[in-house]
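S.K.: Residue numbers (the UniProt record's numbering), protein chains in the order written: chain S, 1 to 407; chain A, 1 to 407; chain X, 1 to 407.
These are computed hints drawn from the structure, not numbers from a lab.
For clarity, every value in this text was computed on a predicted model and none was experimentally measured.
Treat each hint with caution, since some may be false.
Said to hold, decoys possible - Within a straight-line C-alpha distance of at most 27 Å, the following computed DSS-like cross-link-like pairs (lysine-lysine) qualify: (1) S:Lys-405 with X:Lys-398; (2) S:Lys-344 with A:Lys-398; (3) A:Lys-194 with A:Lys-31; (4) S:Lys-188 with S:Lys-110; (5) A:Lys-240 with X:Lys-265; (6) S:Lys-68 with S:Lys-115; (7) A:Lys-188 with A:Lys-200; (8) S:Lys-405 with A:Lys-338; (9) X:Lys-399 with A:Lys-398; (10) S:Lys-406 with X:Lys-55; (11) X:Lys-148 with X:Lys-171; (12) S:Lys-344 with A:Lys-405; (13) A:Lys-405 with X:Lys-398; (14) A:Lys-392 with X:Lys-406; (15) S:Lys-351 with X:Lys-406; (16) A:Lys-151 with A:Lys-194.
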Amino acid sequence: MDAIILCAGKGERLRPLTENRPKPMIPIAGKPILENIIEKVEDLVDNIYLVVKYKKEVIIEYFKNHPKVKFLEQGEIDGTGYAVLTAKDYVEEDFLVLNGDIIFEDDLEKFLKYKNAMALKEVKNPENFGVVVLDDENNVIELQEKPKNPKSNLINAGIYKFENEVFEILKDIKPSERGEVELTDAIKELTREKKIKGIKLNGYWNDIGRPWDILDANKYLLEKIKTNIKGKIEENVVIKGEVVIEEGAIIKANSVIEGPAIVKKGAIVGPLAYIRPNTVLMENTFVGNSSEIKGSIIMKNTKIPHLSYVGDSIIGENCNFGCNTITANLRFDDKPVKVNIKGKRIESVRKLGVIMGDNVKTGIQVSFMPGVKVGSNSWIGASCLIDRDIEKNTFVYKKDELVFKKL
Amino acid sequence: MDAIILCAGKGERLRPLTENRPKPMIPIAGKPILENIIEKVEDLVDNIYLVVKYKKEVIIEYFKNHPKVKFLEQGEIDGTGYAVLTAKDYVEEDFLVLNGDIIFEDDLEKFLKYKNAMALKEVKNPENFGVVVLDDENNVIELQEKPKNPKSNLINAGIYKFENEVFEILKDIKPSERGEVELTDAIKELTREKKIKGIKLNGYWNDIGRPWDILDANKYLLEKIKTNIKGKIEENVVIKGEVVIEEGAIIKANSVIEGPAIVKKGAIVGPLAYIRPNTVLMENTFVGNSSEIKGSIIMKNTKIPHLSYVGDSIIGENCNFGCNTITANLRFDDKPVKVNIKGKRIESVRKLGVIMGDNVKTGIQVSFMPGVKVGSNSWIGASCLIDRDIEKNTFVYKKDELVFKKL
Amino acid sequence: MDAIILCAGKGERLRPLTENRPKPMIPIAGKPILENIIEKVEDLVDNIYLVVKYKKEVIIEYFKNHPKVKFLEQGEIDGTGYAVLTAKDYVEEDFLVLNGDIIFEDDLEKFLKYKNAMALKEVKNPENFGVVVLDDENNVIELQEKPKNPKSNLINAGIYKFENEVFEILKDIKPSERGEVELTDAIKELTREKKIKGIKLNGYWNDIGRPWDILDANKYLLEKIKTNIKGKIEENVVIKGEVVIEEGAIIKANSVIEGPAIVKKGAIVGPLAYIRPNTVLMENTFVGNSSEIKGSIIMKNTKIPHLSYVGDSIIGENCNFGCNTITANLRFDDKPVKVNIKGKRIESVRKLGVIMGDNVKTGIQVSFMPGVKVGSNSWIGASCLIDRDIEKNTFVYKKDELVFKKL
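Take the sequences, apply the hints, and build the full model.
M.R.: Okay, structure coming up:
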């Protein structure tokens, strides 16, 4: 048994987080989405084929030493079907296929007893997904792509088990109108010839479509951690709840940490800092004096040295926050924070901070409004109130109109 | 012996604090002004008649279970005399009359030995008050209302003892030019017929005329408290001076409290917060990480979660302070802070912060200039410098003029 | 043996720090530059003649009780030569001459064995200094003033040993074009008649030419201190590294201090404050809640009460920082911070904050850009972003353009 994991996509809805990494490499609960998936399959299969393309080097660098992982590059043709086909010459038996950008709770063993099967998730808004219709014996009989009037509330959860013969079907699938070979077209074909079992997932499932899904999945995964403190804890540090502090991390004097939270190796917290629940500080981050981080992911090497507040935010790598950089995460009217996703203004969740790419520098006393996105490599000048998205490689600043009087 | 307490007024000089409550219900040292008064009289009298009108429901709700308290509503006619007359049919013997908006130290027993008496307070600026002139035997012989050239430095302190017959005099008093029946007109009449003793108060007395009087009275009352800690105190909390922490309050880790201060039930302080002398945190307030409160009254349900400073201020109920909301409380020139009181710009005291109504929300990094007033239900946008009074139900915001450059 | 120390200059390149004191009185590592020098010579000489002029009262007041110190006022004529000549009638034997504004490490005993000698320092940029050329026996043979093509990388370090006869030479030196009698002209004359030994300094030497030299010398001197805690240390204070806390200083609860640092008598730190390495808090300073000071000199009586950050800065006496005053100390492009020195824009060092005179008051939420200078007695209004130098006696403020909407 082998597994094919689809990791080639561009993740455009997650910009700027995907500017320098493919979506499966976004860290959730301390490791890439993809690593969470690999941990689910690695004991069940002989080989794990990662089908890569966009920013593939980030994936290869991270997983190159995994004994079961092999990398296959998807060619010119896009689409999940073509991605699976990329593995045709390597996979000799039955195989699992998984989207590379989902966080899910269910075990995968239950798929193995069927020749062909696919995971389904019950949702409230099936019209936004690929809907799956089952017969009385839970065999798939119809697939609908974002239907206006869905025939079921079960959606395709992006996890499949196939017989090797599925490659033969895939070979003959014609590209869709947008030029992609879709795995779902092969499944439609399969339902005509064979049985494909629909398996409803019972546990948490999130396809990480929008930035706030990352924070939701982060919260879900952090609920499972157990306290494990290997780093250095200085005087008068108070730790509550479940907290992982890796070896090589330092919690400096008089800081307070409320779990669940993860502090990765090389990270420095404090002195006098405050880490609140559902926070992950990745490797070599720094959160200093009087700074407070809540419900956020701070990627590696990012520094938040003093008097700053970051709430419900995702901050990329190598960022540097000027003293007193503050994120807002709530609207006065208590309505969901709005975020621009691929040009559309979308309602997200009640509390959402800033979504920031890599290598961003903020000046002192910068304010970010809720749901703002900041592209990589940008500089935000001192004292700016950022109430709109900032493109990558942008220098934003303001000049105060000052009045001078002689005393 | 009964007591009549005058609680019907609108308290306009104390706007916005009186927008949603009558002046006697403003909390000082952890309870309404009126409760402080009732505690002074409840052991001396059989019945306490609260004469109410403006926002009467707030008073009734609070005191409805007090065994001696009865509520009487003042009718169409205004004025302190008409207020007392409201109780005519209920009061059968001699009675005390007290203004419902004074904080005073003297015991009231010394009034009881006279048939008619009134309290006097020696002040430096009698021209702003009702002035009382005494004869050699301390009997009142003349009343002057805000006289340009006061004949004495004794003023009417708003506490009286009367015989029941005074009701008969009051009945015949004609409304003044502004349409109010004044108690002082009855007293003038009384001085012609009978003796009315002037009793000089020795202790603290404050008629809470302007917002900063609230803070002064608060300081006076807090000087008398004794440490009583019933709430939960977490690790590394340091408490100095006299501090009351009620059951159900929590002082979270690594916070510092310097008394005198009162933290009421349900309030949360910290972690890493700093409460300074002369502060009262009412029920269910929250003062969080790195926030500092000094010499201020924070009314119930108000949240000041992080990196904020509130000094010499009065903050209403249900307010929410965005991260890094800062009050200034001192002028560069060290002169008294100026405040608008009923349309006039008045000098207050050297240190005064913000006077805020209820349900106000501030964005992140808002600055308030000294002596500014903010009406209830208003929203103050992120990063605004508020240097003038804000009306109630107002949304104030600014937009930074930003310069964008490609890097 | 006597010493003459030259302390008459105006120190214009160090404005605003020299607005109210001569350069030798700028405190470094807890005491004036001049005191550091006097400690170097006081055991070697009988009399120390301080030649004073600009702001001489500050020097006299500070050193008037030193048993060996005498004050001589330089007359109308300027220049180091004329300064030395001022002492002619007082000095009877050989003598040392030292510039009053240098911080150096070498002991002075090695000068005493020569009749005439001068200290030299090897530098990388001799073209900015007085260059000295030696013969094979280390005798001075030529002096070049800021030469375009220096003949050596040894510069005049401002420390000399002379025979008494040098006064005779000095007497005959004519004023230079700019009207000053220069000591170097006498040395040139001396080299023609006698031998003057060049002595290379091995240790640290800094002529404190620009503001950031002060911070560099401060760092050098702080590296030598040893922990000595005489002040009061409250609960949960954490102290690391070498820290001097003088008697009468208080470190309040839950503060963190990382040495090397000096806290002088009467200074108050905390509660909940953070002092970082290379900081000196002079007498009666106050650094309060959540404030952080790093690599800075805070002169006496200055208050930084709350939520402020001062990094790599020099702050004069009697300043008062509004809550949340923040200094930036780093450029986005990581290039050296630029500073105006006598009308020219000069590159300084990578990290430099603000250089502030005396009696400055800042409002709440003021931001200072790196390398900005603020003249004495100025007021910086709330919420201002200060991105240029501020003259002394200036009131700077801004008014936000606010939008008002009815809710």
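S.K.: Evaluate each hint against the coordinates.
M.R.: Here's how the hints hold up against the structure:
Taken as a hint, the Lys-405 of chain S and Lys-398 of chain X pair is honoured in the structure, with Cα atoms around 11 Å apart against an allowance of 27 Å. A threshold of 27 Å between alpha carbons decides the hint, and for Lys-344 of chain S with Lys-398 of chain A the separation of about 25 Å falls inside it, so the pair holds. With a C-alpha separation of about 38 Å, the suggested pairing of Lys-194 of chain A with Lys-31 of chain A is violated against the 27 Å cut-off. For the hint linking Lys-188 of chain S to Lys-110 of chain S, the alpha-carbon distance of about 22 Å falls within 27 Å, and the restraint holds.
As the CA atoms of Lys-240 of chain A and Lys-265 of chain X are separated by approximately 23 Å, the hinted pair is consistent with the 27 Å bound. Between Lys-68 of chain S and Lys-115 of chain S the alpha-carbon distance is near 23 Å, which keeps this suggested pair within the 27 Å criterion. Of the supplied pair hints, the one linking Lys-188 of chain A and Lys-200 of chain A holds, its CA atoms being roughly 18 Å apart against a limit of 27 Å. For the suggested pair Lys-405 of chain S and Lys-338 of chain A, the alpha carbons sit about 21 Å apart, so the restraint of at most 27 Å is met.
As the CA atoms of Lys-399 of chain X and Lys-398 of chain A are separated by approximately 11 Å, the hinted pair is consistent with the 27 Å bound. With a C-alpha separation of about 24 Å, the suggested pair Lys-406 of chain S and Lys-55 of chain X falls inside the 27 Å cut-off, and the hint holds. Between Lys-148 of chain X and Lys-171 of chain X the alpha-carbon distance is near 30 Å, which puts this suggested pair outside the 27 Å criterion. A distance of roughly 24 Å separates the Cα atoms of Lys-344 of chain S and Lys-405 of chain A; the hinted pair therefore holds under the 27 Å criterion.
At roughly 25 Å between alpha-carbon atoms, Lys-405 of chain A and Lys-398 of chain X fall within 27 Å of each other, so this suggested pair holds. A C-alpha spacing of about 9 Å is found between Lys-392 of chain A and Lys-406 of chain X, which places the hinted pair at or below 27 Å, so the restraint holds. Simply put, Lys-351 of chain S and Lys-406 of chain X have alpha-carbon atoms about 25 Å apart, close enough for the 27 Å limit, and the pair holds. A C-alpha spacing of about 21 Å is found between Lys-151 of chain A and Lys-194 of chain A, which places the hinted pair at or below 27 Å, so the restraint holds.
The structure is inconsistent with the numbered hints 3 and 11, although it conforms to all the rest.
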